[in-house]
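Participant: Residue numbers (our numbering), protein chains in the order written: chain Z, 1 to 268; chain S, 1001 to 1347.
Hints listed in this document are in silico derivations from the structure and should not be mistaken for laboratory results. Please note that a few of the clues may not be correct.
Stated by the list, open to error - With a straight-line Cα cutoff of 30 Å, these simulated DSSO-like cross-link-like pairs (lysine-lysine) come out:
1) S:1229 x S:1024
2) S:1229 x Z:36
3) Z:101 x S:1229
4) Z:36 x S:1140
5) Z:34 x Z:101
6) Z:267 x S:1140
7) Z:34 x Z:267
8) Z:267 x Z:101
9) S:1024 x Z:101
10) S:1229 x Z:267
11) Z:101 x Z:36
12) S:1020 x Z:36
13) S:1024 x Z:34
What the hints assert, rightly or not - Computed beta-carbon distance windows for the label pairs:
14) S:1136 x Z:142: 44 to 54 Å
15) S:1175 x Z:183: 52 to 62 Å
16) Z:127 x S:1024: 21 to 31 Å
17) S:1296 x Z:183: 36 to 46 Å
18) Z:4 x S:1292: 48 to 58 Å
19) Z:240 x S:1123: 49 to 59 Å
20) Z:138 x S:1175: 51 to 61 Å
21) S:1133 x Z:243: 51 to 61 Å
22) Z:187 x S:1227: 48 to 58 Å
To be verified - From the structure, some residues in chain S lie toward chain Z, with a derived Cβ separation under 7 Å:
23) 1075
24) 1077
25) 1079
26) 1098
27) 1101
28) 1102
29) 1106
30) 1110
31) 1113
32) 1115
33) 1116
34) 1127
Every residue gets a Cβ at the ideal spot worked out from N, C-alpha and C, and that includes glycine.
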Amino acid sequence: MTTTLREAVALTEPPSRPSPLSTTLTFGWRALLKIKHVPEQLFDVLVSPIIFTLMFTYLFGGALAGSTQAYIQFLLPGILVQTILFVTIYTGYTLNTDISKGVFDRFRSLPIWRPSPVVGALLGDTVRYTIASVITIGLGLVLGFRPDGGFLGVLLGVLLLLVFAFALSWTFIILGLLVRSPNAVMGVSMMVLMPLTFASNVFVDPATMPSGLRAFVEVNPVSHLVTAERSLMAGSPDTTEIVWVLIASVVLTAVLGPIAMRIYRNKT
Amino acid sequence: MSDSLAVEARGLVRHFTTRKSVTKAVDGIDLSITEGSVFGLLGPNGAGKTTVVRMLATLLRPDAGTASVLGHDVVRDADAVRSAVGLTGQYASVDEDLTGTENLLMLARLYGFAPAAARRRVQGLLEAFDLADAGSRQVKTYSGGMHRRIDLAASLVLAPRVLFLDEPTTGLDPRSRNQVWDIVRVLVDDGATVLLTTQYLDEADQLADRIAVVDHGRTIAEGTPSELKRSVGEGAVHLRVAEVADRARAAEITERVLGAEVTFDSDPHAIAARVPDTGADAVPGLLPALTEAGISVPEFTLGQPSLDEVFLALTGQPLPDEEPGGDGVPAGSARSATSTETTEASR
Chain Z
1 MTTTLREAVA LTEPPSRPSP LSTTLTFGWR ALLKIKHVPE QLFDVLVSPI
51 IFTLMFTYLF GGALAGSTQA YIQFLLPGIL VQTILFVTIY TGYTLNTDIS
101 KGVFDRFRSL PIWRPSPVVG ALLGDTVRYT IASVITIGLG LVLGFRPDGG
151 FLGVLLGVLL LLVFAFALSW TFIILGLLVR SPNAVMGVSM MVLMPLTFAS
201 NVFVDPATMP SGLRAFVEVN PVSHLVTAER SLMAGSPDTT EIVWVLIASV
251 VLTAVLGPIA MRIYRNKT
Chain S
1001 MSDSLAVEAR GLVRHFTTRK SVTKAVDGID LSITEGSVFG LLGPNGAGKT
1051 TVVRMLATLL RPDAGTASVL GHDVVRDADA VRSAVGLTGQ YASVDEDLTG
1101 TENLLMLARL YGFAPAAARR RVQGLLEAFD LADAGSRQVK TYSGGMHRRI
1151 DLAASLVLAP RVLFLDEPTT GLDPRSRNQV WDIVRVLVDD GATVLLTTQY
1201 LDEADQLADR IAVVDHGRTI AEGTPSELKR SVGEGAVHLR VAEVADRARA
1251 AEITERVLGA EVTFDSDPHA IAARVPDTGA DAVPGLLPAL TEAGISVPEF
1301 TLGQPSLDEV FLALTGQPLP DEEPGGDGVP AGSARSATST ETTEASR
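Kindly produce the complete structure, drawing on both the sequences and the hints.
Facilitator: Encoded structure:
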């Protein structure tokens, strides 16, 4: 063992410092490896959209829209938004797991561009978002979802959603850095997301809601996102709402990103 | 060994603020570690050892004081420090979901090795650490010893000039512990500087050129292992008498033969005595003297002073009890590290 050890640890010429892009991609690769080794983490991603879509379509479809066929045209873009937003919680969950397992300290002791572990993890998360989107839309098509926007409309809808999910993830990164355990991250995040997604226009038209609730639903960013999604998938883009979502994404990233990185740097 | 310093710290302080109180985890520690040497930080749980290492590894900012590694300031020049040090310990681990190979490859890529060079480097490390067969398995399936070896390998991907090992053998079986010690010796032979924290005097004695004993965030003694042990005494005798009633008499005889003060612990059969410099030659005579007096001694142990005894000698008080809310093993477990030579004696 000793001779091989001597050779293996012999001081080599240190390689030149890798670029931020290279280290970020390496962390993205790590996120993919984790999906490969722990496929269970995709279980929620796969199962919850299926259950939600089936349940709401068949439970409420007839009552709310006259037929399940009519309801799914309305529901599917909303369910897609809800699904992806729930998946963003995993960003905070995995980060918190890294911290509690000590992997985080190993990364922080490396001479690399500091945000790369976080940004790389976000890149890996887009894979999860994409899988969840494909499943939800695929199931929708089977159930009779026929978007007038066609493939392009749906694709643009998914892209817009990814932009917003990426921006929203910073919230969960901050939670992941501050909260004590991975399960606590889950709990707190659910408490934030449940009211945001249910008190919105995901499932029903807010016209029949009491005025107080309706006021909330109308300022709820999720409602703006869902309206933008519906318009894109229906082939008649609502520019105001789309721009609103893009601006919200930029603001979230510009404000929360630096806060998250500051907490990350000073994390003890 | 050159005289330049690999690690230098002056007046390091770090507080932790909780809702209720401010704890001074590190309360003014100075370190001077010569390049190419092994320095041991010895102390009980909660002494501040890990906090010192985390500050030197740029993971924590000191609240006061300065520290530099190979001349680079740990705060102002943190990136240069990170390029030069490797860190292994309770707090810097590998990803248990990934395989051993993937973990090392990831680190090699993060250090800037090109893909082919990274693979060569990783293969060499896996073979050197006796992990080549386990490379394609997830780390969570590894045994304790393998886990510690992959942790060590991970901190050696760049062949650091300074290596911080935070309690590298805590919880390992003796064989794995010896493997870790061998690795450390090879690294030091090759010119690396090692800062090692440990709860075990034995381990510090085996590996370190110099030892600092820390308690409550302060250095309470520093020197070479032999200097420290001399300050404590040559060793310690532990014995158990068969009859509780004989203990007082046995203590008297022990004091007389060794010329040492006897201490009693909670076990009503047990007696312990530090062997003073002058008493080392008298130790072989103790057992016959007891036997002559008609005292049955089923257990008689001569060993290095335990960490408890080092503490007792240095501070005049026993190891502090586990602080409320503190994690880790109880202070008494440090005793298990005493290297002992046991002789069974019966009438």
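Participant: Evaluate each hint against the coordinates.
Facilitator: Checked hints:
1. For the given pair, residue 1229 of chain S sits about 28 Å from residue 1024 of chain S by alpha-carbon distance, which is consistent with the 30 Å threshold.
2. Proposed proximity of residue 1229 of chain S and residue 36 of chain Z is contradicted: the alpha carbons are some 53 Å apart, above 30 Å.
3. Restraint check: the Cα-Cα separation between residue 101 of chain Z and residue 1229 of chain S comes to about 37 Å, which exceeds 30 Å; the hinted pair is violated.
4. A C-alpha spacing of about 15 Å is found between residue 36 of chain Z and residue 1140 of chain S, which places the hinted pair at or below 30 Å, so the restraint holds.
5. For the suggested pair residue 34 of chain Z and residue 101 of chain Z, the alpha carbons sit about 15 Å apart, so the restraint of at most 30 Å is met.
6. Using a Cα cut-off of 30 Å, the hinted pair residue 267 of chain Z and residue 1140 of chain S holds, with the two alpha carbons roughly 26 Å apart.
7. At most 30 Å may separate the alpha-carbon atoms for a hinted pair to count; residue 34 of chain Z and residue 267 of chain Z meet this at roughly 24 Å.
8. As the CA atoms of residue 267 of chain Z and residue 101 of chain Z are separated by approximately 15 Å, the hinted pair is consistent with the 30 Å bound.
9. Our distance criterion of 30 Å between C-alpha atoms is met by residue 1024 of chain S and residue 101 of chain Z, whose separation comes to about 25 Å.
10. Distance check on the hinted pair: residue 1229 of chain S and residue 267 of chain Z sit about 39 Å apart at the alpha-carbon level, beyond 30 Å; violated.
11. Of the supplied pair hints, the one linking residue 101 of chain Z and residue 36 of chain Z holds, its CA atoms being roughly 19 Å apart against a limit of 30 Å.
12. For a cut-off of 30 Å, the pair hint linking residue 1020 of chain S to residue 36 of chain Z is broken: about 44 Å separates their Cα positions.
13. Of the supplied pair hints, the one linking residue 1024 of chain S and residue 34 of chain Z is violated, its CA atoms being roughly 38 Å apart against a limit of 30 Å.
14. Under the hint 44 to 54 Å, the C-beta atoms of residue 1136 of chain S and residue 142 of chain Z, about 39 Å apart, miss the expected range.
15. Taking 52 to 62 Å as the suggested C-beta distance range, the pair residue 1175 of chain S and residue 183 of chain Z does not conform, at roughly 37 Å.
16. The hint said 21 to 31 Å for the Cβ distance between residue 127 of chain Z and residue 1024 of chain S, and at roughly 46 Å that hint is violated.
17. The supplied range of 36 to 46 Å is broken by residue 1296 of chain S and residue 183 of chain Z, whose beta-carbon atoms lie about 56 Å from each other.
18. Checked against the hint of 48 to 58 Å, the pair residue 4 of chain Z and residue 1292 of chain S passes, with Cβ atoms roughly 57 Å apart.
19. The hinted window of 49 to 59 Å between residue 240 of chain Z and residue 1123 of chain S holds, with their beta carbons roughly 57 Å apart.
20. Separated by about 54 Å at the C-beta atoms, residue 138 of chain Z and residue 1175 of chain S satisfy the suggested range of 51 to 61 Å.
21. For the hinted restraint 51 to 61 Å between residue 1133 of chain S and residue 243 of chain Z, the CB-CB distance of approximately 57 Å keeps it satisfied.
22. Take residue 187 of chain Z and residue 1227 of chain S: their Cβ atoms lie about 54 Å apart, and the range 48 to 58 Å holds.
23. The beta carbon of residue 1075 of chain S comes no nearer than 12 Å to any beta carbon in chain Z, farther than 7 Å, and the hint placing it at the interface is violated.
24. Hint status for residue 1077 of chain S relative to chain Z: violated, with the closest Cβ pair at about 11 Å, above 7 Å.
25. The closest approach between the C-beta of residue 1079 of chain S and any C-beta of chain Z is roughly 5 Å, which is under the 7 Å cut-off, so the hint is satisfied.
26. Annotation: residue 1098 of chain S was flagged as interfacial toward chain Z, and the flag holds, the nearest CB pair being 5 Å apart, inside 7 Å.
27. For the restraint placing residue 1101 of chain S at the interface with chain Z, the shortest Cβ-Cβ distance is roughly 11 Å, beyond the 7 Å limit, so the hint is violated.
28. At its closest, the beta carbon of residue 1102 of chain S sits 6 Å from a beta carbon of chain Z; the interface hint therefore holds under the 7 Å criterion.
29. At about 6 Å, the closest approach between the beta carbon of residue 1106 of chain S and any beta carbon in chain Z falls short of 7 Å, and the interface hint on this residue holds.
30. Residue-level restraint check for residue 1110 of chain S holds (minimum Cβ-Cβ distance to chain Z is 5 Å; threshold 7 Å).
31. A cut of 7 Å between beta carbons decides the hint on residue 1113 of chain S: the least distance to chain Z is about 5 Å, and the hint holds.
32. A hinted interface residue such as residue 1115 of chain S counts as satisfied when its beta carbon comes closer than 7 Å to some beta carbon of chain Z; here the least separation is about 11 Å, so the hint is violated.
33. The beta carbon of residue 1116 of chain S comes no nearer than 12 Å to any beta carbon in chain Z, farther than 7 Å, and the hint placing it at the interface is violated.
34. For residue 1127 of chain S, the interface hint holds, since its Cβ comes within 7 Å of a Cβ in chain Z; the closest pair sits about 5 Å apart.
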